[in-house]
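Peer 1: The primary structure of each chain is shown beneath.
There are 2 protein chains.
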Amino acid sequence: MPKNMIVAQSGGPSPVINNTLRGIVETAREMDEIGTVYGGWHGIEGVLKEELLNLSEQCPDEISLLRTTPAAGSIGTCRYKLKDGQTEDFDRVLDVFRAHDVGYFIYIGGNDSMDTANKVANLARERGLDVVGIGGPKTIDNDVGDSEYKLIDHTPGYGSTARYWSNYVQMANEENAGSSPADPVLVLQAMGRKIGYIPAAARLADPNREMPLQIYLAERPVNIEQIRENVNAMLKERGRCIVVVSEGLQIEGLEIPEEFIVRDSFGHAMLSSSKITVGQMLTNALNDGKLAVKGATRCNVPGTDQRNNIIHASNVDLSEAYYVGQKAALLAAAGEHGYMASILRTDRDNYTVEYGKAPLSEVANSERHFPADWITEDGMDVTDEFVKYARPLIGDNWVSVPIINGRLRMARMKPIFADQKLTKYVPQADRE
Amino acid sequence: MPKNMIVAQSGGPSPVINNTLRGIVETAREMDEIGTVYGGWHGIEGVLKEELLNLSEQCPDEISLLRTTPAAGSIGTCRYKLKDGQTEDFDRVLDVFRAHDVGYFIYIGGNDSMDTANKVANLARERGLDVVGIGGPKTIDNDVGDSEYKLIDHTPGYGSTARYWSNYVQMANEENAGSSPADPVLVLQAMGRKIGYIPAAARLADPNREMPLQIYLAERPVNIEQIRENVNAMLKERGRCIVVVSEGLQIEGLEIPEEFIVRDSFGHAMLSSSKITVGQMLTNALNDGKLAVKGATRCNVPGTDQRNNIIHASNVDLSEAYYVGQKAALLAAAGEHGYMASILRTDRDNYTVEYGKAPLSEVANSERHFPADWITEDGMDVTDEFVKYARPLIGDNWVSVPIINGRLRMARMKPIFADQKLTKYVPQADRE
Chain P
3 MPKNMIVAQS GGPSPVINNT LRGIVETARE MDEIGTVYGG WHGIEGVLKE ELLNLSEQCP
63 DEISLLRTTP AAGSIGTCRY KLKDGQTEDF DRVLDVFRAH DVGYFIYIGG NDSMDTANKV
123 ANLARERGLD VVGIGGPKTI DNDVGDSEYK LIDHTPGYGS TARYWSNYVQ MANEENAGSS
183 PADPVLVLQA MGRKIGYIPA AARLADPNRE MPLQIYLAER PVNIEQIREN VNAMLKERGR
243 CIVVVSEGLQ IEGLEIPEEF IVRDSFGHAM LSSSKITVGQ MLTNALNDGK LAVKGATRCN
303 VPGTDQRNNI IHASNVDLSE AYYVGQKAAL LAAAGEHGYM ASILRTDRDN YTVEYGKAPL
363 SEVANSERHF PADWITEDGM DVTDEFVKYA RPLIGDNWVS VPIINGRLRM ARMKPIFADQ
423 KLTKYVPQAD RE
Chain Y
3 MPKNMIVAQS GGPSPVINNT LRGIVETARE MDEIGTVYGG WHGIEGVLKE ELLNLSEQCP
63 DEISLLRTTP AAGSIGTCRY KLKDGQTEDF DRVLDVFRAH DVGYFIYIGG NDSMDTANKV
123 ANLARERGLD VVGIGGPKTI DNDVGDSEYK LIDHTPGYGS TARYWSNYVQ MANEENAGSS
183 PADPVLVLQA MGRKIGYIPA AARLADPNRE MPLQIYLAER PVNIEQIREN VNAMLKERGR
243 CIVVVSEGLQ IEGLEIPEEF IVRDSFGHAM LSSSKITVGQ MLTNALNDGK LAVKGATRCN
303 VPGTDQRNNI IHASNVDLSE AYYVGQKAAL LAAAGEHGYM ASILRTDRDN YTVEYGKAPL
363 SEVANSERHF PADWITEDGM DVTDEFVKYA RPLIGDNWVS VPIINGRLRM ARMKPIFADQ
423 KLTKYVPQAD RE
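In order, the protein sequence lines correspond to chains P and Y. Counting from 3, one number per residue, gives the positions in the first sequence under this note's numbering. Counting from 3, one number per residue, gives the positions in the second sequence under this note's numbering.
Read the hints as simulated data drawn from the structure, not as lab findings. Note that the structure is predicted; figures quoted are calculated from it, not measured. Check each hint, because a few of them may be wrong.
Since the list gives no way to pick out one identical chain from another, each pair is judged satisfied if it fits inside one copy or across any two copies.
[What the hints assert, rightly or not] Pairs of lysine-lysine, BS3-like flavour, derived with a Cα cap of 30 Å:
1. Lys-390 with Lys-5
2. Lys-152 with Lys-196
3. Lys-426 with Lys-51
4. Lys-51 with Lys-423
5. Lys-277 with Lys-292
6. Lys-277 with Lys-196
7. Lys-296 with Lys-51
8. Lys-426 with Lys-416
9. Lys-85 with Lys-296
10. Lys-296 with Lys-277
11. Lys-390 with Lys-51
12. Lys-85 with Lys-238
13. Lys-152 with Lys-51
14. Lys-292 with Lys-85
15. Lys-296 with Lys-423
16. Lys-51 with Lys-277
17. Lys-83 with Lys-238
18. Lys-51 with Lys-292
19. Lys-121 with Lys-5
20. Lys-238 with Lys-416
21. Lys-121 with Lys-296
22. Lys-423 with Lys-196
23. Lys-51 with Lys-238
24. Lys-152 with Lys-426
25. Lys-83 with Lys-277
26. Lys-426 with Lys-296
27. Lys-296 with Lys-83
28. Lys-5 with Lys-416
29. Lys-426 with Lys-85
With the hints as constraints, model all of the structure from the sequences given.
Peer 2: What follows is the structure, encoded as structure tokens:
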């Protein structure tokens, strides 16, 4: 008898996360071992609340359209974390598994989610439930796994956000070149609170270093006088300057007052939601009239657009996201409990990958850093080694996004939910 | 004997402004009346400084690539204004015309530029120079001409920025739907300091009003309590809300302190460059813990991306931008001094346009408003009449943008400048 599957998403979305979901659903459909695939409505919260969207009964055309439907609007995501002390939550998840004959649980997300997937499935097994727990990697930050790229080379989602920045800076360079007499400095704030893969991708716009581009990663705190000196040097040389800063960049002399910081439910400082962005603070500092040339500094804060924009998506990333989902479903069907589906680079010089598996326990306990030696000595650029690593991920072609009557044709799920068989439950952290 | 032509651009760029330039160059190339076409390097400032880029000697393939090269990086733009009192500047322009045998002057820009084009050409004629002055309309704000759309229906550039907002909000809606447990409110700040055509275009993302979308135009000041009430009502109904605000929106209770305002050389308050944006201020106000649901308000400030992004461009706008350029060159060759090339809508129900002409003197003295009756009574939406007007402008297809080795293939002009025949000149406003 086939067992059913629950798929849930956690954390911030990506442009291609739905294509991983599609890979899972379309693959599971063909596997005798897997019955109905349910989507946890807004991640683990939907599992706790027994809100399970039936993905197997959706029109196959709509599942197919998940390919070019960005972000997580179709089954939702959450930032709810199953904490170790939340025994009631864990018990509830198992109750839901039992009630819906669930034998497979795939959790798509970052490091935290891999940890959760591991714990839930292990607990289920301890309690005698035969549940295969699998992780699906996803994060635009590229911070899942290890710094040696052995567990996973890169995460689905990163390539598209990197492509976003490559495209973005190329177009911003045309703007800056054209508008420089009035607006010689353009500050662009990139996501990636702690890790620099996203701002670093701005370099992909200009691998030969022809643009007046400076990139400041959160890994390398800097002081405002140094930035001002760097910008002025560029203004004297080129008359204009594009400055990419990480949202998590610490600029000495520009400290964000504690009362301006907003924190998420993990306690992370949400600098992108803080009461003033680092991009804006830097812009204000540069607009004090002391620049080497006349004119204003402008600031763009793309924000969520860089993680929900399918038009910029990398064709390579989109394709990989699908196959990672497929791999996750295959691992599940094969009973490979405790693994994350993974992308492994098999040739560094001629980009090729294979889809493998990494133990969830190892992924959960590993931490990836942006390599210190990929930051240039002057602290305002990344090296050719980074470009070599990241260039293949942004692909070579546009993704064809269906447009009908002038609007994007997004996938639309019908609200077909599993019958609720248990009593109503309020997740522990939601009780007040 | 053919006379030479100077083309110059003024004000903020648009995604399609270079296709107007291409239309001029490719048309002028075929006209016996027109000799060399020069681009004023950074607008009228380049004319004053006698920095004239030879566009006729560029490789035709590169001119062709101007089609999908956004913003004004190729010949540059400026915010320099020839003021009535600047007699030396006007005299200098005429000297440059004489020195380079210029018989045609096309100025691409908004209302201010149409005024300048008119003055320069009239003055030239008064002084006995046979110069045909022509205007090329361009502004993403769609604020050129009259409110009855008789002089011009819409300006090139607007359709692409409108399409940007249509696409942007559709993708942001997927983000907001997916991430709503953590981030239920998404504030998006649109350009258009005084006039609401850009933020209004967010409605094109959702003409049937299915999204939890509210749109606040600068034309309708509002107080913070009203916005809070509106957002809370939406949160109670839908659990999430997308709020589009004009960068120039005045929110009572959220006044921007005078010392935070940056002004451009026209004395316009550059709210998009102010020390804190209205989007951020609104976000801070909504993040004070008094919303109807838990979670954070996020804020995106796309900034210049909405005027330099060719990937979002409207195929209709791109095409019209070209034909407006062509019309401008044809008007010049025909000696139709004192006119702006114009787009006139010939059928409201089945969108068709023709390319006509509007007297520069009338354009310079007219002012376009966003129709008051296109704003809904509750002040947080625009009407179906607006949708009917704007929908055809965003087109139905993607623009194919060349991509080579993962990067956009932008046009690259060779630095072939006209010989400087006059003494060096510092524009009046640049003297200090």
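Peer 1: For which of the previously enumerated hints does the structure constitute a violation, in increasing order of number?
Peer 2: 1, 11, 13, 16, 22, 24
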